[in-house]
Amino acid sequence: MNHQNVILSPGLYFVATPIGTARDITLRALDVLASADVLAAEDTRSLRKLMEIHGVPLGGRRIIAYHDHSGSGARAKLLEALAEGKSVAYASEAGMPLIADPGFDLSRAAAEAGHTVTCAPGASAAATALTLAGLPTDAFFFAGFLPNASGARRKRLEELRDIPGTLIFYESPKRVAASVADMAAVLGNRPAALCRELTKKFEEVRRATLADLAAGLEDSPVKGEIVLLVDRGQETEVSEGDLESDLQAALQGNSVKDAAAIVAEMHGLPRRKVYQLALQLAKGG
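Take the sequence shown: its letter number 14 is residue 14 in UniProt numbering, and every next letter is one higher.
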């Protein structure tokens, strides 16, 4: 028996659960699950199975479902239990609670009501993938899931293009090929990694440029839980002379606004700065 029954102070305990291998649970997480007055979970069946694997008894407790579709009613029940001085443990279906998972409204409401909010941390697909990807880890940005539609997805990628750190996305196997193709088109052919089924039997990490990843997904589709990581854009110095030459060429047959947009995208520069130079060149010419 790995767990211990301990006395928990009243409050909300977020519990990280394994992203694949069941033995990635922490001993403290097992203690919290064994000892909390009230149990809640994004997926009640997953938590019940996890507790059975590790021999943690329910002890007459039922698991309250709390997810995106459970509404405010489930949250009110948990807040009521907290108000009664009980300890409430909430477990994600997989990984760290609140990271692309429900729980934010519960966390905020509990904290605003003055209850203790703490966490038994553990596995995270984003952090695990970052460790394996072979991309810079000094700065990174977790962007969660991209929109389903290609137009909205590309717009979101444009917003993320200039972030000076490794980008981390969660993706489904049904959309991953289209998403990687859009990334290559919007972000450029950056180094990237596709990590899937992390900590599971068929764990795989594909490291390549976005263009090569996109081509590989056409030939060899993937299944399972997927994390995509993309390197930051590489800054390149553009001389004033080259910028003016490109603008002069773009101004032939294009409006000032369109010419500035073309050259700004070509060099990855802010449109406002390029537009001001295009205006000067247009007036001077």
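Treat the hints loosely; a few may be bogus.
[Claimed, not checked] Calculated cross-link-like contacts (lysine-lysine; reagent style BS3-like; alpha-carbon spacing at most 30 Å):
1) Lys-223 - Lys-257
2) Lys-201 - Lys-223
3) Lys-257 - Lys-273
4) Lys-257 - Lys-49
What the hints contain is simulated information worked out from the structure, not anything from laboratory work.
Results of checking the hints against the structure:
1. Lys-223 - Lys-257: violated (44 Å)
2. Lys-201 - Lys-223: holds (13 Å)
3. Lys-257 - Lys-273: Roughly 12 Å between the alpha carbons, so the hint for Lys-257 and Lys-273 holds.
4. Lys-257 - Lys-49: violated (59 Å)
This entry does not satisfy hints 1 and 4, going by the numbered hints stated previously.
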